[in-house]
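Asker: Residue strings, one per chain:
There are 2 protein chains.
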Amino acid sequence: MEIITGGVTAAKGFLAAATAAGIKYKDRMDMAMIVSEVPAVTAGTFTTNVVQAAPVKWDKKIVAEEDCARAVVINAGIANACTGAEGMEYCQKTAEAVEKHLQIPVKQVLTASTGVIGMQLPMEKLTWGVETMAKELAHSKESGHQAACAILTTDTKSKEAAVTFEVDGKTVTIGGMCKGSGMIHPNMCTMLSFVTTDLAISKELLQEALKSDIPDTYNMISVDGDTSTNDTVLLLANGMAGNQKITKKDENYQKFVKALNYVNTTLSKKMAGDGEGATALFETKVIHADTKEHAKILAKSVICSSLTKAAIYGHDANWGRILCALGYAGVNFDPEAIELFFQSKSGQIQIYKNGVATDYNEAEATKILSDEEVTVLVDMKMGEKEATAWGCDLTYDYVKINADYRS
Amino acid sequence: MEIITGGVTAAKGFLAAATAAGIKYKDRMDMAMIVSEVPAVTAGTFTTNVVQAAPVKWDKKIVAEEDCARAVVINAGIANACTGAEGMEYCQKTAEAVEKHLQIPVKQVLTASTGVIGMQLPMEKLTWGVETMAKELAHSKESGHQAACAILTTDTKSKEAAVTFEVDGKTVTIGGMCKGSGMIHPNMCTMLSFVTTDLAISKELLQEALKSDIPDTYNMISVDGDTSTNDTVLLLANGMAGNQKITKKDENYQKFVKALNYVNTTLSKKMAGDGEGATALFETKVIHADTKEHAKILAKSVICSSLTKAAIYGHDANWGRILCALGYAGVNFDPEAIELFFQSKSGQIQIYKNGVATDYNEAEATKILSDEEVTVLVDMKMGEKEATAWGCDLTYDYVKINADYRS
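The listed protein sequences correspond, in order, to chains A and B. Residues 87 to 493 in the numbering used here are what the first sequence lists, from first letter to last. Residues 87 to 493 in the numbering used here are what the second sequence lists, from first letter to last.
Treat the hints with caution; some may be incorrect.
Copies of the same chain are indistinguishable here, so a pair counts whether it falls within one copy or spans any two.
Claimed, not checked - Computed list of lysine-lysine pairs in DSS-like fashion (alpha-carbon distance at most 27 Å, straight line): (1) K378 x K227; (2) K243 x K467; (3) K243 x K486; (4) K355 x K297; (5) K439 x K297; (6) K486 x K355; (7) K371 x K467; (8) K179 x K147; (9) K297 x K371; (10) K371 x K341.
Honestly, the hints are just simulated from the structure, not real lab data. Keep in mind the model is a prediction, meaning the values are calculated, not measured.
Just need the whole structure built from these sequences, with the hints factored in.
Answerer: Structure, rendered in structure tokens:
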């Protein structure tokens, strides 16, 4: 597997475009479109929130009922959630605009929205955007990057990842882009993530590969504990790599699963590290847990703790809050047996052992906690299972961004 | 039932004192003691965190094994959690100091601590504090109030409540004090709360009354989702009101339960409204739910949502976040059927109906959301059950307080 630059247009036959449709933002691109030259089998996972946005309902139906999809239209600024029948009509009209300008059937057009809940979309701007982008679609690194920029809301960085690997002597590419900064606490998937590949694979195995990877990637991040109404991960595979179609869980399938995991993990970490107001990516790795499920619950409890997140912002080695967050996670363990470490590129120190603080150097701890990527390593001393979760620090800017998001 | 001023010394035969022992704070009272003139039957509920502070372990044993208790010694500044065997020894030595100076048996002395986790207590200062307070114990409103001030940490206000009611023609009093501002997400009880009464009642019924009231009071508040290692509610009943001892669930027991609920609810709301950095008490009332459990889960999900809390701080009628928080609570409902209202002393407006926003006046919503106590009313339209939860807004000051709490 080779890591390459690029995103959603890295794989063969995937085109993208972006435009400034003025949906809510006035001075930036806010619509993106991804198109496959040929029909692509499509897998998707969606929010578990009872309140589901119109595009989530729209996409779920297509992923469940259609063999293939060819286009995805995304807008930022307005989430098209809690918009009633009108919201569903917008999905329909968007798809009709794609059919009109690109001759792609309505039922092969996926939609995704992100932004304010409860506001209605300006339909004319959306259809204008589709028409404009239809003329500008390109299979280039630049067009993919522009699409990655156009889908952002409070994100500060675009988020792309891509890899290549070999199947049957053919080079297969997977590339993806995502957005997500606030209301990030995915359950079954995360905000918006779009992954494309030119691999030839059956729809069943594509869905299975995605479904089995989500629990270790998108579902292991949290910015604020709020599971969005719009969470969507779409994975399109158009077969243009020319490999023999994967239809069983052979060695080639495993190669794909591994490469997909890399792309999804990278995109997930980018979202966590760019959480609203964040100054640091906050990783918690739990090792030697008795079960995988317990490792996950413990790791997520730490990265979700507001007090721990605020301490990370303050570069404060307040390990008591970490122990507290492990303690209320709902998993039983012996607090006297476990060990805690802080890690970053600046080094590693042990903080807690035998039920009390080690005699660690506070200045050294502060130095480690001042890096842009900080890891808490928790050794449960109970078994062989492990899990990693990703979050970010809690800062003044998180409050600032969210105290008056709508204005 | 009559609401009166006063706190932990309101009931007959309860004395209190406070002192500045210099445990961690340099310029304020940081120790308090409550003493009953006669042995009091005692009930308690404690944190469900796997990591439990030494005083929690100490008190649990006394409440479970002893018939009565007479004293409670409390310190602020250091939590005596994650302090190993040394931490337990401090509880023992504190109780021995009480025995020495007040001739109260070690096994009738309860202890409670709040503050930084993982730091060891300065034992000599603690025993000095006990000796000093033993000389100053008084049955007065002032001594109770000083105790309520001495137990605070990041709290900005002392928290007391008291009521009287009649049993057998005798006046019975219940009074209490509590502290709690951060790491507040009680499960089975909250930070530290001490309630005293002169009612004569059996230990079994006292424990039952407390246990059945906790789920509707302390367990319905949250400041930051972090369940503390030290959560403790102690309820002492010394029988000095002179009523015939309550030994069955008769009319008198019901009177007591009602009065206790008032005291616990009042103390709980005071904690939520004084959450770290808070500018407002944020109440969510869920009505017409199908089950009580669902009503509670939904109400707590809203007051725990960081995004909603930040919006309350910004006086921003961002109802989409409320709907989102209801949606991920884990309870099934029809988002198109429910209705949302904002309420405060300034009025009430309906915000959401039939799956979309109502045509509400934004200025009116902002006015309501600018009050010091703000309520979201959620009508589930499913049944007859209801629940109320209390939290606070999420502010810059929460981050400030917690980014460098230890310094």
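Asker: Run through the hints listed earlier and report the numbers of any the structure violates, in increasing order.
Answerer: Of the numbered hints given earlier, those the structure breaks are 1, 2, 5, listed in rising order.
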